[in-house]
Every structure is written in structure tokens, then in C-alpha cells.
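**Student:** Dock chain one against chain two, each of which comes alone in its own frame, and use the hints as you go.
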Amino acid sequence: MKTFFNLGTLGAAVAAGLMAFAPIGAAAENAEDWPKYHRTDDGWRYSPLDQINADTVKNLKVAWIHQPGDIQHGLQATPIILDGVVYYIGPNNNVYAVDGATGETKWHYQPDLDPIVRRVFYQAASRGVTVGHGHVYLGTLDGRFIALEQETGKVVWSTQITNLEECYGCLFSSPPQLAGDILYGGTTGGDQPQRGKIFAVNALTGEPAWTFDTISDDPESWPGDTGEVGGGGAWMPGTYDEKRDAIIIGTSNAAPDFFGAIREGDNKYTASVLAIDAPTGKLNWFHQEVPHDVWDYDSAYEAVTLEHEGEDVILHLNKGGFVSVLKKDDGSVVNVWPLSQTYNWVESIDPKTGDLIGRNEAVEGEEKLLCPYLLGVRSWNHGAYSPKTGLWYTNAMEVCNRIVAAPQKAEEVGIAGLYLGVSVLEAVDPPGQKASARLDARDPITGELKWTVDYEMPGLGSVLATAGGIIFNGDVRGVVRAYNDETGEELWQFNTGSGIRSGIVSYAADGKQYLLVPSGLGSHAPGFMASAFPDITGLPGGAALVAFSLN
Amino acid sequence: MKPMFKRTLAVTAAGLLTASVTLSAAMTGAATSPETLFADDTAIANGSLRFAQNCNYCHGSNGIGGKHKKLQCRDFKPDYVFDTITNGLEGGAYFMPPWDHFSENQRWELVAFILSLGKLDSC
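For the record, the sequence lines run as chains X and G.
Just so you know, the first sequence maps onto residues 789 to 1339 in my numbering.
Just so you know, the second sequence maps onto residues 15 to 137 in my numbering.
Keep in mind that the hints were calculated from the coordinates and are not lab data.
Where is the CB? At the ideal position from N, CA and C, for every residue including glycine.
One or more hints might be untrue.
[Unchecked claim] In silico negatives: residues of chain G with every beta carbon more than 12 Å from chain X:
no., residue
1, 48
2, 49
3, 53
4, 69
5, 72
6, 82
7, 89
8, 91
9, 92
10, 93
11, 110
12, 114
13, 132
14, 134
15, 135
16, 137
[Stated by the list, open to error] With a straight-line Cα cutoff of 27 Å, these simulated DSS-like cross-link-like pairs (lysine-lysine) come out:
no., chain 1, residue 1, chain 2, residue 2
17, G, 91, X, 1156
18, G, 91, X, 1222
19, X, 985, X, 1070
20, X, 1222, G, 84
21, G, 133, G, 84
22, G, 83, G, 133
23, X, 1238, X, 985
24, X, 846, X, 1238
25, X, 1197, X, 1031
In isolation and in its complexed conformation, chain G is listed as follows (with noise of 0.2 Å):
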């Protein structure tokens, strides 16, 4: 289990999507993070649920990427997802809203989608 601290995430990232975020647990309301989510299928499958009906629009179908790059294939940071669902993100043309009204428990089921992304056979 990872502890609540402040950090500091550079994160870079091709394109549009470059960004240097400061965070700390009190901003964010980040909770440890739950790994034992990223192997539960029913997490994954509420996720996958909670993706196609709200992260579509920009991420594409399964994260295949869209106005923003892909989310298949990424090796990404699991704090790094939640901060960035929780706080949204913002960088050149597009950027994403905050997703906060989701609870802490809902937000790592994404989580936990989203790295099973990168898991793909296809990867």
C-alpha cells in the first residue's frame, strides 16, 4: 500500500498532452491507492462501464485514443490516472474537466481499466 504523501509528478507526455502537475493528497483527495483493484475483474469490468459512458467522447472506444492519444498500451503510473481523473487536465487545445464527482471507489475502478489497457494482447 502506497502512503498518503505529497509528490510531484513530471509527467511528459507527447503532443498536446504535456504537463508538469504538483499534487499533494490534500488538494486531490487522493485515497491509497487500492491495487488490489487493478486485478479484480468486477472493478475492471465497472471501469470499463463507467469508461464507455463518459471517456469515449475524447479517449475513444477502449481508450484507442481520439483528440487525446491513445490510453492502450501506456505504461502509466497508477496515482498519475487517478490525480488526472480527479483534477482533469488541461494542455494547448483540448483539455479535460475534473471527474471528482465520481467517488474515490469509482475513480479507481477506472483506474484499474485503464491499466488493464496496457495490458492488451495487442500491445
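The following block holds chain X by itself, in its conformation from the complex (with noise of 0.2 Å):
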């Protein structure tokens, strides 16, 4: 039997070479596992693994099927994989622990929800649980952080942290994540009339350990009251600095979205990464890649570390197109780097400093068309980074929109409703060309373009990077490609039958890799592009937790 994949098995030279290639501060992996919502805190999405490779890859096969029951909204999960056990959630906060060499139901959780959970926005989709300490932690649908035993599915404890009445439906889309002892999550989007925290409870026991306000209590930042419905939502897992005993986790924008006429100031600290010490919520440092947002554009997105000329930088998309690199220790700019190839809303943006050069922002009263449009030049389905080629591969595309600013009054913004401040919005093309989307292959430092795949509509998946060399993307009609990450030649492709909105991962089990894709397409966002983009109307959503392996 092969054990390329087996560390212990490994010869010497393809040793050494994992090993250089091993993530900073991750000696403690194994190989096999994906433990992580990003397999590890430097945020990759790189598995280790190489049985499945361009060799092989021809070869995958449909290993097991696991159906959470229940498809509202897809399945948009990262799975957590350790010691062999696929531990997932699926629409309404269903838990499942599965054999991940057999697809069998080892415990299934779902908590009793409350009703208020079918009267917001953002319903039924979490982005995954979070494993360690012997429990699987998840955040739910109405406010609750919940510690289940792993072995079980017991609860061990429950905490109610917001209560969706008085904040629009703040809610826990992403799993809660581990910082230590420290369990951590902000809540749902920047598109409610509400105050952003993020929370933090003591893992072990659930009892409140400190919350941090990213909306600044600075009146220069947010004038009068108007910080009270400034938005600032941590709606995506951070990541934790272990080297560091800090928390870096960014924030949405500010709100109302189009409409900052109420809200002079920098808005602080929206569309910001933050620097969280970590044992007592205190704010290290933090960089706002928007100041005084007025496009929509979060800085939730996903924050890469990487050594780079001796230090460790971290790269962050904003959803405004830009990609900015920033040293870990401090936030300071160290490149700045456009994703985007149409955007207008800025002239540019300043590479050494991150200053914004040129604002142009929507008017009231006038139509104007800005680009990227709100989804960002990529929705929030994370990029990958191989250390096997040095480059870091993620989705893109290339739309606008049309907007006019409008004033709208937050008191009257129901518990389902937006505080977006337009009175017109619509998805479009770009000037001169049509609406686009692609796959490509990044020097993250630098930006320098290697390679790059048109596809039909926008990849709302999270991409897979792996030692076998194999880039796996998702679409959103539900097929899956593999391709070779020198090259981008497509090596493989499979159709699930339904959109691709979660997080690809692989794993071993019992001396064979897998590859685990959850499929169901869900979310808000194919509604809102199908102006731009008319053949994703109507794609069919769905559930289903896919395994391949060679045989």
C-alpha cells in the first residue's frame, strides 16, 4: 500500500521538503488531518497530502455520500477532519460527526432553535464548527456559542451571547474559533443597523471572557449616536497568532452601506484588520483598508501569513479588489496590490502607505457606476496558498454596479431587512465588457498574474491547494475541477449536482486521502449577481457531502 501521505513513511528528501514547506508554527500537524477551518492558523487551505496527484487524479472515484437532511441555504461548511472523523454542519445548525473512511453517521446535534431564527436575513447557513479541547464548538442561529463533547455530541455547555431582537438579527454564521483557551466569533454582516462586537468566552466552561467593540467610541470617528447603527460585523473566523497569543480577524463595512453623508469620520473600525490580544480582548494593532466605507466593501476576508524577506506579513483581500500585505507584527503596509481589473472607486491605492487616492463615491440623487460591486471582486470563499509553488490561488471577478444614494431611516429597517442607504442597485458589466469571473494563480506578494482560468459565472467555493500539486475549485453549477497548480491545465472534473459554496478539503483515513467536497448551492449572493450574470437564476440548491478517493 502507498503511504505517500504519511509522514512517518515518508523518505528523507521528501521529508525535508514537507518540512520546508510546513506552515509557520505548525509543527504539531498531522499531515492527515484538516483540524482547522483553514487546516492551519496561517490560513492556506494546503493539505499536505500527495497520493491524490497529476498522476493519479484521473482516478477519483465517489468514495461515500453524507446528506445532512435538511438543504436550506446549501451547504456552505469548511468540514473539520481529525483522526478520521469528518465532523461537519449542514442548513439550521444540524452537527454530524461521519466516519471519514465509511461516510457513516457517528453522532448527529441540532439544537433547539428559536423561532426568531425564521424571521431574519441571514437564515439557516453556517460556515462550519470549530474542534478542540475535546469538543466541537459551534455558533448558532440564535446567538449561542454551544460546546459539544467530540466524542458524543453531548452539550457540554451553552451560552447565549446576543439576542437577535435588539440587533437586526446579529447572528453566528462562522464557527467560533480557538485561541487558546479563548473561544471568539463576531457576528452576521455590515449590512444591519447595528453595533459590531466580537465575542470571547473561556472554551472550557463557556463563561464570558471580554468582548471588543469595533465600532471606536472616537466622536471624530463616528459622529452623535451613528456608531450605534455603524455595522463593523466580524462575520468570518479569525485566525490566531499562536507566536503572538494574538487574534487577527477582520470587519465589515460600515453602515449604511452606499449613504455616509450621516457618518463623517473614518468610521473606525470598519473595514479593518484587527490585532486582538488574545487573552484580554485589547486591541494590539489594526489597519483600515477603508476608511469611511461607503461601497460596501468588508475586510472579513481571510488573512494569509506568510514569511516574506525574514518576517512574517499576512495578505488580506478587501472585498474592494485590492490585496493588501502587512507585516504581522505591527500592520504596517508592506505592498499593495490589485485583484480587481475594472475597479473605479479609488484611482488607486498607495503601496507603501494604503492611502486611497481618488475616492469616488455614489451621490444621492445621482446615478453613478462603481466597481466592484458589493460581493467584492471575490465573495467570501477563501483563496489558497501553496508553499510548494509559492503562490496563492483564489477566485475573482469583474462587476459593477449601479447604484444611487439614498438616506434611509434605521428605526424603520425591520428585523429581515437592510440598511443599505440606495434608492437604485443593480449588478452590471463593467464599462466595455461583460461581466466575468476566473480562477488565478497569484505571486502573493507581488500580484504578478501566473496563470488564470475564465469561468461562465463567479466560483462561490473556496479553493484547495495540495502537495500531490493539484489545485481543487468548485463551481456553481456543482462541478469540480482539479488542476494542475504550475500550469492551470484541468486534470479532472466531477458534477455533484449542485453549486459549490463551502470549503474543499482532503484528509487521510485508514492509509488512503480523500477528498471531501460539500455540495449545495446557498447563500445570498447568486440572487444578487443575476442581473450580471442571468444563467445563475434558478441553479438548484441541495446538501451533500461528497467523498472521492482512488479506490
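**Tutor:** What follows is the structure in C-alpha cells.
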């Protein structure tokens, strides 16, 4: 039996190679596992397994399928795999532990959710669970953190964190993350009239530890009480910086999204990357990518840690289409490069300072075409970094929106409502060209394009890179494809039947490498992009966890 | 003017929006449908603004369609649209929350706008 993926049996040369590529601070990681949301705290989404490679990928076959029994908003999770057990969350907070070799259910848990979850905008979906301290943690649709026994799925503790009635349905759509004994997470989006917060509890007991207010108290930043409805939700998972005992996490846009006249100021700490001291919740540093955001340009996406010229740096994509490279010690700017090819919301961004140059804002009563549109140059689905090639792989799209800014009364926004501050909002083609989508392979520091593959419609799933030299990516029709990581040549594809809006991962169980594809289109993104990509209308939803192996 | 009465709507829609809904005025708080709004430009404009601020995300700009089938060029019964806005609708992968925090008049303005989408030149 081949054991290419087993570090204990690797030849010395291969082992040395893998060690060279090992994520920073990841010495204890088992190559066979996918233990965290991005697999490692470096946010790479890279599996060191290579049984599935350019020579063998053509032999991939379905090994098993697990269905969560509910398809509302599809499958959006990145599964967690430890010691051959798959932990994942389906629609409406259904959590499963599944045998990674057979697909057999080991346990199933679903909380009794408050009926208010049927009344809010961000319904049904969750992006995953977190496993640690012998627990499986979830953030719920009704505002709780819950710890389950990893072995049985029984509840260890449950802590109510938010009251959805009081915060326009602020709920946990992403898994709370671990930073040592701290479990932390933020709530949904910046599109509601709410004041964003990051909540932390003791991971062992569920007792509250600290709360970080993502809205600054500085009146120069938020005039009057505008910060009370200023957005700033940290709605995606953060990553733990073990070396500095810090949390790296991004925040959403400011609200109302496009009508900034009522909140003059820089609106800290919206649209920012934050480094927070994990034990205390104190702010170590921040980098605001979009001061006084009026374009719905969240900074909530992943932070990818790399070593550059002897220093730890963070690669961070903002919805506005620019990638910031920041020093991890203090957040200072190393470089800023554009992933977007059609941006017009700024003339440029200073690559040395990150300062916005030549802002182009929506205007009340006047229609403007602004690019990228509110879903960004990419949605929240993550990219992947391969230490084998030194490239960062990400989906991207070129779409604009037609906008007329308009005042909106926060008090008239209902629990399912949006606080966008517009009277006209439509996704449209960029000037002189059709809306387009692609998968890019780029140098993470300079942005230099190595290869690109066009897509019919934007990819909404997260990319996976592997030591087998394969890049896996799914599309909105449900087709998952394998590409050569050096050239972009397509090597394999399989139609799972419903779109990919999740995290594709890889793991090993009983000596065999698996590719695990959560299939099932969901979220609100397909709705808004339909005017630019009409064929996305009516694509079927679904929910199935599809595992592939070589035999 | 249509009277307030208990009614059964058997609604067949292709794809994901298939539902059979039994509703009553007592359940929904549905008011008599103010048909005069349906030809009122101000009401339609108010509905258009509310649609742009709340409904675009799923139904597409001007109801062009998105996650759900398009609202343009459809021949809706006004009460069905009103009841769906009021109560929401679940089916398959997607569901629509209730929008009953809008006043009845605001909901009827939305109905007026959605009905106007059935009379576009492109239909």
C-alpha cells in the first residue's frame, strides 16, 4: 500500500521537503488531518497529502456521500477532520460526526433553535464548526456559542451571546474560533443597523471572557450616535497567531452601506484588519483598509500568513479588489496590489501606505457606476496558498453596480431588513466589457499573474491546494475541477449536482487520501449577481458531502 | 373591493417556489386589497424604493430574478403577493422571511410595484 501522505514513512528527501513547506508554527499538525477552518492558522488551505496527484487524479471515484437532510441555503461549511472523523455542520445548525472512511454517521446534534431564526435575513447557513479541548464548538443561528463532547455530540455548555431582537438578527454564521483557551467570534454582516462586536468566552466553561467593540468611541470617527447603527460585524472566522498570542480578524463595511453622509469620519474600526490580544481582548494594532467606507467593502476575509524577507506578513483581500500585504508585528503596509481589473472606486491605492487616492463615491440622487460591486472582486469564499509553488490561488470576478445613494431611516429597517442606503442598486457589466469570472494563480506579495482560467459564472467555493500539485475548485453548477498548480491545466472534473459554496478539503483515513467536497448552492450571493450573470437564476440548491478517493 | 374572508390559495410555481398555502385574514392581518394603489404612481414609486432596499438581494434588481424566479412579466393575484410578503415562503433550498414589520400600506405599495413588473414593455 502506498503511503505517500504518511510523514512517518516518507523518504528523507520528501520529508525534508514537506518540513520546508510546513506552515509557520504548525509543527504539531498531523498531515492526515484538516483540524481547523483553513487547516492551519496561516490560512493556507493547503493539504500536505500527495497520494492524489497529477498522475492519479484521473482515477478519483466517489467513495461515499453523506446528506444532512436539510438543504436550506445549501452546504456552506468547511469540514473539520481529526483522526479520520469528519465534523461538519449542515443547514439550520445540524452538526454531524461522520466516519471519514465510510461516511457512516457517528452522532448528530441539532440545537432547539429559537423561532426568531425564521424571521431574519441571514437564515439557515453556517460555515463550520471548530474542534478542540475535546469539544466541538458551534455558533448558532439564535446567537449562542455551544460546546459539544467531541466523542458523543452531547452538550457540554451553551452560552447565550446575543439577542437577535435587539440587533437586527445578529447571529453566528461562522464557527467561533479558538485562541488557546479563548473561544471568540463575531456576528453577521455590516448591512444591518447594528453595532458590531467580537465576543470571547472561556472555551472550557463558556463563561464570558471579553467583548471587543468594533465601533470606536472616538466622536471624530463616529459623530453623535451614528456608531450605534454603524455596522462593523466580524462575520468571518479569525485566525490565531500563536507566536504573539493574538487574534487576527477582519470587520465588515460601515453602515448604511452607500449613504455615508450621516456618519462623517473614518468610521473606525469598520473595514479593518484587527490584531487583538487573545487573553485580554485589547487591540494590539489595526489597519483600516477603507476609511469611511461607502461601497460595502468588507475586510472580513481571510488573513494568509507568509514569510517575506525574514518577517511574518499577512496577505489580506478586501472586497474592493485590492490585496494588502501587512507586517504581522504591527500591521504596517508592505505592499498593496489590485486583484480587480476594473475597479473605479479609487484611482489607486498607495502601495507604500495603503492610502486611498482619488475616491469615487455614490451620490444622493445621481446614478453612478461603481466597481467592484457590493459582492466584491470575490465573495467570502477563500483562496489557497501552496508552499510548493509559492502561489496564491483565488476566485475573482469583474462586476460593477449601478447605484443611487439615498437616506434610509434605521428605525424603519425590520429584523430581516437591510440598511444599504440606496434607491437604486443593480449588478451590471463593467464599462465596455461583459461581467466575467476566473480562477487566478498569483504571486502573493506582488500580485503577478502566473495563470488564469476563465469561468462562466463566479466561483463561490473556497480553493484547495495540495502537495500533490493539484488545485481543486468548484463552480456554481456543482462541477469540481482539478488543475495543475503550475500551469492551470485541467486534469479532472466531476459534477456533484448542486453548486459549491463551501470549503473543499482533503484528509487521510485508514491509509487513503480523500477529497471531500461539500456540495449544495446557497447564500444570498447568487441572487444579487443574477442581473450580471442571468444563467445563475434558478440553479438548484442541495446539500451533500461527497467524498472521493482513488479506489 | 375584495371582502376579507378565509381563502385557500393553491399556488403552483416552477422550480423551488412551489407552495400550497392556506391563509386567513385573521392569520395574516391582510387588509382589503387597496386596488386604487395599483395604478398610483406614487405608491408604485414607494414600493420600488422599498424593493430596492430590501428585496433586490434575492429577487434581483427590479425583480429580474436571482435565487428565486423572476417577478417580471408574471400575472400575480394581488392577495397572493401580499400574503407572501406578510408571511414569507419556504420551499426547498431557499426561504423568504416574513416582512410583516412593514405597515399594511407599505406592503400594498410593494404589491403595487410587483404588479407593475407584469406590465413592462419587455413582457
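**Student:** Against each hint, give a clear statement of whether it holds in the structure.
**Tutor:** A quick look at each hint next to the structure:
1. Listed as outside the interface, residue 48(G) is consistent with that label: its C-beta sits roughly 20 Å from the nearest C-beta of chain X, beyond the 12 Å cut-off.
2. Look at residue 49(G): its CB is around 25 Å from the nearest CB on chain X, clear of 12 Å, so calling it non-interface holds up.
3. Taking the minimum C-beta to C-beta distance to chain X, about 22 Å, the non-interface status of residue 53(G) holds against the 12 Å cut.
4. Its closest Cβ contact with chain X, about 9 Å, brings residue 69(G) to no more than 12 Å, contrary to its assignment away from the interface.
5. With a minimum CB-CB distance of about 4 Å to chain X, residue 72(G) fails to clear the 12 Å threshold, and the non-interface call is violated.
6. For residue 82(G), the non-interface assignment is contradicted: its Cβ lies about 7 Å from the closest Cβ of chain X, within the 12 Å cut-off.
7. The beta carbon of residue 89(G) sits about 19 Å from the closest Cβ of chain X, which is more than 12 Å, so the claim that it is off the interface holds.
8. A cut-off of 12 Å between C-beta atoms confirms that residue 91(G) is not in contact with chain X; the least separation is 22 Å.
9. The claim that residue 92(G) lies off the interface holds: its Cβ sits roughly 21 Å from the closest Cβ of chain X, which is beyond the 12 Å cut-off.
10. Distance check on residue 93(G): its Cβ is at least 21 Å (rounded) from any Cβ of chain X, clearing the 12 Å threshold; non-interface status holds.
11. Not every beta carbon of chain X lies more than 12 Å from that of residue 110(G), the smallest distance being close to 9 Å; the non-interface claim is violated.
12. Distance check on residue 114(G): its Cβ comes as close as 8 Å (rounded) to a Cβ of chain X, failing to clear the 12 Å threshold; non-interface status is violated.
13. Every C-beta of chain X lies more than 12 Å from that of residue 132(G), the closest at about 18 Å, which supports listing it as non-interface.
14. Look at residue 134(G): its CB is around 14 Å from the nearest CB on chain X, clear of 12 Å, so calling it non-interface holds up.
15. The Cβ of residue 135(G) lies farther than 12 Å from every Cβ of chain X, with a closest approach of about 18 Å, so its non-interface assignment holds.
16. Once the 12 Å rule is applied to beta carbons, residue 137(G) is consistent with being away from chain X; the minimum gap is 16 Å.
17. Pair hint residue 91(G) plus residue 1156(X) does not hold up; C-alpha atoms about 35 Å apart against a cutoff of 27 Å.
18. Distance hint between residue 91(G) and residue 1222(X) is unfulfilled; the C-alpha atoms sit about 36 Å from each other, more than 27 Å.
19. Simply put, residue 985(X) and residue 1070(X) have alpha-carbon atoms about 13 Å apart, close enough for the 27 Å limit, and the pair holds.
20. Restraint check for residue 1222(X) and residue 84(G): the C-alpha separation of about 21 Å stays at or below 27 Å, so the hint holds.
21. Between residue 133(G) and residue 84(G) the CA atoms are separated by roughly 14 Å; this keeps the pair inside 27 Å, and the hint holds.
22. For the given pair, residue 83(G) sits about 17 Å from residue 133(G) by alpha-carbon distance, which is consistent with the 27 Å threshold.
23. Between residue 1238(X) and residue 985(X), the direct Cα distance comes to roughly 39 Å. Violation of the 27 Å bound is thereby established for this hinted pair.
24. This hinted pair checks out: residue 846(X) and residue 1238(X) have alpha carbons roughly 24 Å apart, not beyond 27 Å.
25. Simply put, residue 1197(X) and residue 1031(X) have alpha-carbon atoms about 45 Å apart, too far for the 27 Å limit, and the pair is violated.
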